[in-house]
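Protein chains in written order, with our numbering: chain V, 1 to 315; chain B, 1 to 200; chain H, 1 to 347.
Hints in this document: simulated from the structure, not taken from any laboratory.
Computed from a predicted model, the values in this text were never measured in an experiment.
Check the hints yourself; a few may be wrong.
Pair by pair, the computed Cβ-Cβ distance ranges are [as the list claims (entries may be wrong)]: (1) B/Leu-86 to V/Ile-132: 42 to 48 Å; (2) H/Gly-203 to V/Thr-30: 36 to 42 Å; (3) V/Thr-205 to B/Met-1: 31 to 37 Å; (4) V/Pro-137 to H/Glu-311: 25 to 31 Å; (5) V/Pro-160 to H/Ile-128: 41 to 47 Å.
C-beta: ideal position from N, C-alpha, C; glycine also.
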Amino acid sequence: MTARLLRVAKITPLSPLVTRFRFECPEGGTLPLFSGGAHVVVEMPDGGLLRRNAYSLISDPMDGSGYEIAVRREDAGRGGSRFMHSRVAEGDTLRIGAPVNLFSLDLRARKHVLIAGGIGITPFLAQLRQLIRLQLPFELHYAARSRAEAAGLALLPDLPQVHAHISDEGNRMDLGAILAGQPLGTHVYTCGPEGLIDAVAETATRLGWPRGALHSEAFLSPPPGAAFQVRLARSGKTITVAPHQSLLEALEEAQVDAPWLCRGGACGQCETVVLSCKGRIEHHDHFLTDAEKASQTRIMPCVSRFQGEDLTLDR
Amino acid sequence: MPPTAFTPSIPSRPVYPGLVSRGATPALMLADAEGALALADLAASDPAVMDRAHLIYIPAGSDHGARLQALRPAQFHQAPSFATALPRLRKALADAHMGTVLYLAGTEGLIGQGLAEALAAGLPADAIQSEHRGSIARRMQCVHCKGVTEDVTTDPFTCSHCGLTLFVRDHYSRRLAAFQGVCVDAEAPGDIPETQEIRP
Amino acid sequence: MTIRFNDETFRDDYTFHNSPEAVRRFPFPFDHDSYMYSVNIEPHRRGQAGSVFQHRFDVDEHYIAEMRDREITLKDDPLRCQSLPHMELAGWDFLELVMTCKAEDYPDLFSLTRDGDRWHWINRPLGIDQRFTFLDATTLPCGPMEYITRQTQGDHALLDQREGNLWMDAGMITSQADWSLDFDIGMNFFEWHAPVPKAAEMGVFQRALKFLLNLQQGAPVRRLNWTMTVNPRLDTSPENYHKWGPEKRTLTPETVGAKQYLRVELQTLWRLPRSNAVAFPIRCYLCALEDIVTVPKWGRRLHRVLRDLPEELATYKGFSVNRPMIVDYLSKFDDGAPTSPGIFPDP
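Using the sequences plus the hints, can you model the full thing?
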C-alpha cells in the first residue's frame, strides 16, 4: 500500500455534520491525479489504535495541488469520523493512501445520470469536474432532507444539469421521472444509503433498464456487532474481534498480514479462505457471489463478521 | 426447427441462450429465415411482447413473413437482405430509449451483425437476447485481407475476396460479427487438409 | 550511459544483431528447468543497473531500428494501431506516463517541459521536437496513444476497466506473437485469451484478472512471456502469416543456431490516473540460439525446457514442427550439470 504523509492544509465546515479537509504535500509539489469516483484511505493514529477509513475524493481529479475529502460525523460510528472532526487540526500530518477507483465512470456512455443521497454526493463532486472537462453529457440529482443538511450544495456548480431535491421543501426526488425516456447508452450512477440504491435499481428494472447500465457505491463502513473469536491457522493465533472493530482491524492489531484496498467490501483484495466454520458468517460485502457466501468458504474481513462456535481462517 | 445446440467452445465464441419475454416493453426484433420460429415461440409464451415491438424480418429463402405479421407486432417490416434492413435498424436504435429490449433470432451472421449495431448504438449487452435457429453457416473474416465471407459451411474454405484458403477458428469478434479465418497453408503452400463440413 | 543504436533490419535481409552486452542483459524467461503456465506476476521494481529492469521503459540499442520497422508496418497496414473513441483519455494518460518516465530515466535522450497544459517534448534519438497542448489531440500529428507508441519500443495495449473486467479497447500492435488487434479490439480479458489452450480451465486467468483489477497507481507489475520465432522478425502478425509463414520451414541443422530466435515479452501493467484504465506494454526481446548458448546456464536450461514442453504448448507457440531440430541443437550445450535458481547468468 503506497501511502504518503500529507499536511492538513485547510478544514472547512460544510454543514453542522459535514466537514471538508484539504491535504497537500508538506514540502509542496504535486500529488498523483485520479479519476472521478476514486477514494483514498486515511490513516488515523488514535492512541494505540491505527484507524483506517476510506473517503471519496471530492476535489478536481485533474488538479494535483491537493486532495479534498468531506467527512460526515457519525457519532454512533466506530470513531474514525469523530477523530477527523475533533482531533485533526490544520497543519497536522496524516498518512493518505494512493487513490483507488472502484466507482469509475463508464466512458462509453452517451449520457451519465448521477444520483446522490446525502453524503453520497462526494464521489460525484469529482466526477462532475471530470465530465465538465471532457464535455460529456450528464445530469446530476442530489437528494437531501433539508437545505441545512445538504452539505454538497455549496460545492455544486450552478448548471442547468444539476438538480437538488430537498424533501422538507416538498421537492422529493422522482426516480421514475428521472429514469424514463433517457437515450440509449445512458448510464446511471447511484451513491447513498442502501435504500436509495435499491430504489434506483427497482425503478430502473421496472422501466426495463439492464443491470449493466446501473452503477452504485454504498458508503459501506464495517458494521458493528457482537464480539467474536477467530482462529488463524497459519499464524497460530486466536484473536477476538471487538464489537466496534472489524475483523480486518483485529488482524492488523494482532500483526497478521492481510492485504486490503477499499476496506468497504467492494474490491475483493482481502478475500480470505475459511478453513472451518461452525456457525454463520455475516457477509456484508458486495464482492462474493451469493453462492460463495452460502458456501461459507470465503470471507471478506474488512466488513464481514461471524456468529457461532468456531471460525478458522487461512491467515 | 428447434433452437440449435452447439458444442461448448472457447470463451470468445458467442452463445445463444434463447429468447425470454420481457413483457410489453419497447422492443426491437430482428430475425432471418428460421429465426421467425423463435419469435413465434416467444409470442406464444407471452403475446404482450408484441404490443410495442418493431419487428424486422429477412426471409432469406424461407417464408414465415405472414406468420410473423399475424403476431400483430406494433410495427412490421420485411427486408430482402440485412444490408437493406440496416438503415431502418440504425434509425430505430438512434430513436430508442433506455428500457428497449432487442430480440435477435436466426443465423449467427444475422445475430452477430444485429448485436454489433446495437452495441455501437449504446444498447447494453444485457438488453440484448438471442436465439439461434436454422443454418449453422458462419460469417468469416479473413485476417489477411479483412474481407468477410458469408455463409461458410466448410473448413477450410476459400476467401471470397483474396482467394486464400482459410481454416475456420472458433475465435470470434463481436465488433466485426465474424469468426476468424487464417491461411491454412501459410507455412507449406499447397499443403491443404481435406475439406470438412462445419459442425455445430 | 550512452547507447549506440544499431543500424539493422527486422525483415528482408534481417541484419538485426545483439551486441555481447545485449546478450548479457537479455531477459531470459525461465527460472526453472521446466515451464508451465503461471500467473508469475511481480512488482515492476527497478532492477540492477544495466538490466532490462533498470528503467521503467527500457530503451536499448535496437530503439531506432524498431521504430523504423514499426513505421514500415503501419504504412502497410494502418489498422495495427486503433483506439475506440472512449479511450482517448487513456491515451493521454499513457503519453504522460511514457514521457515523464523516459525524461527522468534517460535525460540525455529525452526531455519534457511542462507549463500547465503547454508541453514541449524532445526525443533526440528520433530527432523529434514537439510542442503541443495536453488533452488537445488536434495539436499532435496523430492521436496521443499513436504518437507516443511510435516512439516507444514494444507493443502497447490500453485496457478499459468496467463490469469487473478489462477490455482491450486500444492498442499499437506491430510485433505481436500471432494475434490481431483489428480482430481482438473490444474484447474482454477472457475473450482475447480464449485461444490459449488449457489456461482457462486452470483458473490462471481468473486469478490474474482479479489481481489486475486491483492494480494500483504507482505500483506497476510485470511478467515475462515467451515464444519462438524463425528469423529476427518483429511483424509476426496473423495478417501477414502467409508471407512470413514459409520462413518457418527454412531451418536446417546448420542454420538453426543462427536463425532460430527465443522471443521474450516483458509485459508490464500500469494503472493510469485520469482514465482508470490499465496500460499494458508488451516489450519484445529477440535472441538467437547461438547467442543464448554463450551463457552456459541458459543453454542447459533452454534445452531442458523445450525438450520437456507439452506438445500442445509447442503447437500453440507455433514451433512444433521445428522442435526436434531445436532440441537437437541445444542438446549439445547441455552437459546435464545442475542449474542455479533465477533467470540471470551465473557470475
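Open item on the list: For the hint 41 to 47 Å, verify it against the beta carbon of V/Pro-160 and that of H/Ile-128.
Closed with: For V/Pro-160 and H/Ile-128 the Cβ distance comes to about 44 Å; the hint holds.
Open item on the list: Taking the Cβ atom of B/Leu-86 and the Cβ atom of V/Ile-132, is their distance within the range 42 to 48 Å?
Closed with: violated, 36 Å
Task: Cβ distance range 25 to 31 Å for V/Pro-137 and H/Glu-311, holds or violated - done: 54 Å Cβ-Cβ, so the 25 to 31 Å window is violated.
Open item on the list: Can you tell me whether the CB distance of H/Gly-203 to V/Thr-30 sits inside 36 to 42 Å?
Closed with: Taking Cβ atoms as reference, H/Gly-203 and V/Thr-30 lie about 41 Å apart, which means the hint holds.
Task: Assessment of proposed distance window 31 to 37 Å (beta carbons of V/Thr-205, B/Met-1) - done: 33 Å Cβ-Cβ, so the 31 to 37 Å window holds.
Checked against the numbered hints given earlier, the structure breaks hints 1 and 4 and satisfies all the rest.
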